[in-house]
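*Asks:* Okay, here's what each chain looks like letter by letter:
Number of protein chains: 2
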Amino acid sequence: MTIKIALAQFNFTVADIAANTAKIIAAVEQAKQLQADVVVFSELCITGYPPEDLLFRNDFIRQAEQAVLDIAAGIEGIHAVIGYPGYRDGLLYNSAAVLADGRIIAEYHKNALPNYGVFDEQRYFSAATQTTLFSIKNTRLALTICEDIWQPGIIEKNRQAGAEIILTLNASPFHAGKVHQREEIICGQLQSAKTPLVYVNQIGGQDELIFDGASFVADRNGEIVFRAAEFEEQLSVVEFIDCQPIAGQIAAHYQPVISEYKALVLGVRDYVRKNGFQGAILGLSGGIDSALVLALAVDALGADKVEAVLMPSRYTLDMSIEDACLEADALGVKWHIIPIEPAVEAFSRMLTPLFAGSRQDTTEENIQARCRGVVLMALSNKQGKLLLTTGNKSEMSVGYATLYGDMAGGFAPLKDVYKLLVYRLAEYRNSLSPVIPPRVIGRPPSAELAPDQKDEDSLPPYAVLDPILALYIEQDLPADEILARGYRLEDVNRAITLVDRNEYKRRQSPPGIRITPKAFGRDRRYPISSGYRGIYKG
Amino acid sequence: MTIKIALAQFNFTVADIAANTAKIIAAVEQAKQLQADVVVFSELCITGYPPEDLLFRNDFIRQAEQAVLDIAAGIEGIHAVIGYPGYRDGLLYNSAAVLADGRIIAEYHKNALPNYGVFDEQRYFSAATQTTLFSIKNTRLALTICEDIWQPGIIEKNRQAGAEIILTLNASPFHAGKVHQREEIICGQLQSAKTPLVYVNQIGGQDELIFDGASFVADRNGEIVFRAAEFEEQLSVVEFIDCQPIAGQIAAHYQPVISEYKALVLGVRDYVRKNGFQGAILGLSGGIDSALVLALAVDALGADKVEAVLMPSRYTLDMSIEDACLEADALGVKWHIIPIEPAVEAFSRMLTPLFAGSRQDTTEENIQARCRGVVLMALSNKQGKLLLTTGNKSEMSVGYATLYGDMAGGFAPLKDVYKLLVYRLAEYRNSLSPVIPPRVIGRPPSAELAPDQKDEDSLPPYAVLDPILALYIEQDLPADEILARGYRLEDVNRAITLVDRNEYKRRQSPPGIRITPKAFGRDRRYPISSGYRGIYKG
Numbered sequence: 036m037t038i039k040i041a042l043a044q045f046n047f048t049v050a051d052i053a054a055n056t057a058k059i060i061a062a063v064e065q066a067k068q069l070q071a072d073v074v075v076f077s078e079l080c081i082t083g084y085p086p087e088d089l090l091f092r093n094d095f096i097r098q099a100e101q102a103v104l105d106i107a108a109g110i111e112g113i114h115a116v117i118g119y120p121g122y123r124d125g126l127l128y129n130s131a132a133v134l135a136d137g138r139i140i141a142e143y144h145k146n147a148l149p150n151y152g153v154f155d156e157q158r159y160f161s162a163a164t165q166t167t168l169f170s171i172k173n174t175r176l177a178l179t180i181c182e183d184i185w186q187p188g189i190i191e192k193n194r195q196a197g198a199e200i201i202l203t204l205n206a207s208p209f210h211a212g213k214v215h216q217r218e219e220i221i222c223g224q225l226q227s228a229k230t231p232l233v234y235v236n237q238i239g240g241q242d243e244l245i246f247d248g249a250s251f252v253a254d255r256n257g258e259i260v261f262r263a264a265e266f267e268e269q270l271s272v273v274e275f276i277d278c279q280p281i282a283g284q285i286a287a288h289y290q291p292v293i294s295e296y297k298a299l300v301l302g303v304r305d306y307v308r309k310n311g312f313q314g315a316i317l318g319l320s321g322g323i324d325s326a327l328v329l330a331l332a333v334d335a336l337g338a339d340k341v342e343a344v345l346m347p348s349r350y351t352l353d354m355s356i357e358d359a360c361l362e363a364d365a366l367g368v369k370w371h372i373i374p375i376e377p378a379v380e381a382f383s384r385m386l387t388p389l390f391a392g393s394r395q396d397t398t399e400e401n402i403q404a405r406c407r408g409v410v411l412m413a414l415s416n417k418q419g420k421l422l423l424t425t426g427n428k429s430e431m432s433v434g435y436a437t438l439y440g441d442m443a444g445g446f447a448p449l450k451d452v453y454k455l456l457v458y459r460l461a462e463y464r465n466s467l468s469p470v471i472p473p474r475v476i477g478r479p480p481s482a483e484l485a486p487d488q489k490d491e492d493s494l495p496p497y498a499v500l501d502p503i504l505a506l507y508i509e510q511d512l513p514a515d516e517i518l519a520r521g522y523r524l525e526d527v528n529r530a531i532t533l534v535d536r537n538e539y540k541r542r543q544s545p546p547g548i549r550i551t552p553k554a555f556g557r558d559r560r561y562p563i564s565s566g567y568r569g570i571y572k573g
Numbered sequence: 036m037t038i039k040i041a042l043a044q045f046n047f048t049v050a051d052i053a054a055n056t057a058k059i060i061a062a063v064e065q066a067k068q069l070q071a072d073v074v075v076f077s078e079l080c081i082t083g084y085p086p087e088d089l090l091f092r093n094d095f096i097r098q099a100e101q102a103v104l105d106i107a108a109g110i111e112g113i114h115a116v117i118g119y120p121g122y123r124d125g126l127l128y129n130s131a132a133v134l135a136d137g138r139i140i141a142e143y144h145k146n147a148l149p150n151y152g153v154f155d156e157q158r159y160f161s162a163a164t165q166t167t168l169f170s171i172k173n174t175r176l177a178l179t180i181c182e183d184i185w186q187p188g189i190i191e192k193n194r195q196a197g198a199e200i201i202l203t204l205n206a207s208p209f210h211a212g213k214v215h216q217r218e219e220i221i222c223g224q225l226q227s228a229k230t231p232l233v234y235v236n237q238i239g240g241q242d243e244l245i246f247d248g249a250s251f252v253a254d255r256n257g258e259i260v261f262r263a264a265e266f267e268e269q270l271s272v273v274e275f276i277d278c279q280p281i282a283g284q285i286a287a288h289y290q291p292v293i294s295e296y297k298a299l300v301l302g303v304r305d306y307v308r309k310n311g312f313q314g315a316i317l318g319l320s321g322g323i324d325s326a327l328v329l330a331l332a333v334d335a336l337g338a339d340k341v342e343a344v345l346m347p348s349r350y351t352l353d354m355s356i357e358d359a360c361l362e363a364d365a366l367g368v369k370w371h372i373i374p375i376e377p378a379v380e381a382f383s384r385m386l387t388p389l390f391a392g393s394r395q396d397t398t399e400e401n402i403q404a405r406c407r408g409v410v411l412m413a414l415s416n417k418q419g420k421l422l423l424t425t426g427n428k429s430e431m432s433v434g435y436a437t438l439y440g441d442m443a444g445g446f447a448p449l450k451d452v453y454k455l456l457v458y459r460l461a462e463y464r465n466s467l468s469p470v471i472p473p474r475v476i477g478r479p480p481s482a483e484l485a486p487d488q489k490d491e492d493s494l495p496p497y498a499v500l501d502p503i504l505a506l507y508i509e510q511d512l513p514a515d516e517i518l519a520r521g522y523r524l525e526d527v528n529r530a531i532t533l534v535d536r537n538e539y540k541r542r543q544s545p546p547g548i549r550i551t552p553k554a555f556g557r558d559r560r561y562p563i564s565s566g567y568r569g570i571y572k573g
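Note that the protein sequences, when read in sequence, are chains A and B. My numbering puts the first residue of the first sequence at 36, with every later residue one more than the last. My numbering puts the first residue of the second sequence at 36, with every later residue one more than the last.
Simulated from the structure, these hints should not be mistaken for laboratory data. Every clue listed holds true.
Copies of the same chain look alike in the list, so a pair counts if it fits in one copy or across any two.
Each computed DSS-like pair below joins lysine-lysine, with the alpha-carbon atoms no more than 25 Å apart:
(1) Lys417 <-> Lys489
(2) Lys553 <-> Lys540
(3) Lys229 <-> Lys213
(4) Lys192 <-> Lys229
(5) Lys340 <-> Lys540
(6) Lys297 <-> Lys553
Using the sequences provided together with the hints, build the complete structure.
*Replies:* Here it is, written out as structure tokens:
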């Protein structure tokens, strides 16, 4: 017996039920033309993922349920498996419906609800315990949803219930290395369950999250015999003969730095597109961060949609201006120079009576950064273009950034990218075509808010800082365990003190793209008022 | 048999384990002097509530566990019941320990874990199912924690297990009317369970949350026979004779507007104190919002800790300046005038080449607001004073505020206060002593960012807008049900459109004080990129 299963790996928009429905209907038609017996979509494809607190709105759930019925009405000559939120007996479930012959012929409700990291599913959904099987051409297929197959036991439970092929609808967010972890855990379980599995993931950017696709089919031994591309929409058909999948194209995984770059490009593109912006603008300083963001923006949106603004001050070196111009020209974007001195001087005069007798400190540096923020926001407001914030994760961690200054903006592409990775991404981008001048990569990082300022005057070198930050923030390691890895006490305590102190800045930072296992977003929920001091006290 | 139970209603600081421990030890001593047999503290009193993702840090949990042992070591001649997070068999529980004779003699792990609204307890804790009873003077006392006694069944389960008195450790956040709801639900359950209950709640502000205390003792019929004050620390002893509580002081509930005012004062005071600020500053416009925030700040911190800044522009009316001066003088705070024109003009000149040919729009209004933001942040940075943001919930809902402009600041006391309530709170404050000039209350609200501007030029009147917002935001009602309450289609659709569109602004707003059942904080998690359009489409 031959069954053809289509994997529908698409980019849905949260809460745009009409557009998602249209996309599903078109994909079903395409799958029919490819003679698929069944087409499988991703988790909550009707609403996009994650819809967050929209799930508390009755009208929203009713619209989603109606969309399922509307799609079902048009289904003929194929089965379609779609994900949606729906009520049963007054409880809300994360569900999958099998549509055939104009109606819903089977339904499954997610058993395992993730409530960790970026996930809040126990906030919204009830957990079911039943399995759901349905048959096509005398073959018994089981339905599962995302977290289900990460939990030991649920694949096995379906096998025992008689499943011959397991279908899984997913919305599994990207972080660096996640695709390997995902395949390892899931395929590992198949080796004991001896059941082939069809894994469909969505792609796209949704606020902070990136979904990477990489949908796959594994055989009963957990061998991957088909894999869809990462970060791209794709509808593919895999043939099963007597429940054995026939090997097809296996898209290679991208190298880490490439997958991170692609995730960032997709994140910028989808944030701009899904929020209806006319394009993007950014402040170009001549430093590495804004150079990389400019390249990402151009790769995401095209040069004609991106505008760069150079805003030199008295502390800006000539080479910074020269390099910024070179970058903008290399990428073919429109750019402007607006020196900030007139505004800085105006504020200086306005504040003189109150600041008389006080010493210069970071206040004066912040005023410069905030003048740039005012200029950039004015251009953003006037043109309807998204202001991209150029700060990186190292800076966000230690608060080396000015609130309402360089932190101003609607979206922060590098918010989850440590400084060392900024360099690797810049070098990767230059390997495609030279757009970032070598001097920008080579010179010591500086905020240029004071004479001869260098980041390393205030912070440990990034080669030391970044790994300490990753251990403290992403792995929650205490100071003594970080010291045990060989870092110096003063570097560890300096980094930890700054991370502890700057939660208030992060709370007001724009959203950014998550590419690590723990970003400063929904997956790190820290109090601002807090007596916690993580430093080593000896 | 007589038992004396002390209710320890205190203000703990999240993650300041040393300070919380010292406070607990002092309170135990005080309870002993009052000859209490047992002193009951609030939920997670060792760590403060809610510790959020600090609960993922092993070092933090170990410190909390050690603090429990340290406190236990000093306990003699009394029982103490304290709340803390602790591991058992590798799982983390929200626990209560009974300390006596230098050790832990009993332990309870919370059964019902709230995971809705502001609560994320299933993110952190495992749920237990066991009851825990312990005896003092042959009386069997049961332990429960907060959500446990809101759930039908758990009080009854403890009664069946033999409980004669139920002790409950709580961290139950305030919103207007919550105290009545709390007593009604809990006392209602006692009427069938026929078991007296001791309810201990913490007080204090923790970022967005206010805890209101109002600890109480109810008898077996659900009658309240003792109630501690709201919003104040208090240690009280209630005597039980043969498990019957002896009636004591029953602090009256505050009227709604008074409780809201007290909550706001406590919230400002604790945010400033717990974050170590030297005081607070704010921009005083001559409007009602900043006038109220000034009064709150002075009532919270004292006039000597508060500073007001008047920042007139060409659109500021003389009466605004006059009234702002009157307010500042009435409250005895230091104030400064810094006209913003020099900065506005500087930006105008800087942007002329780019804005040539474009029409004036909100961009120019935003520049003014952002110039004020730069001035205020400079003063805040220079002096180490918290900048209080003066915007209200009506504005936050519809985005009638400038990001990095009037939204700049570390804390937004009125973020969850609708405009109509701002007026009621101002009138209440004036009833204590006249600090807000009547003209400020009487004149039509204006942002004064353009000639003759009035809020009602852009928005429905607040008497219409505020109830629509509450129905849409707090009750999640769809447009058709709001229309059914008699509001006009254009007002409903205008309000909903603005709420839907402005999530990006709210995401970058400072934290504020929650006084309604749903604030723009941890309890409303909306996507920014979203196709949801709540308007009535006919």
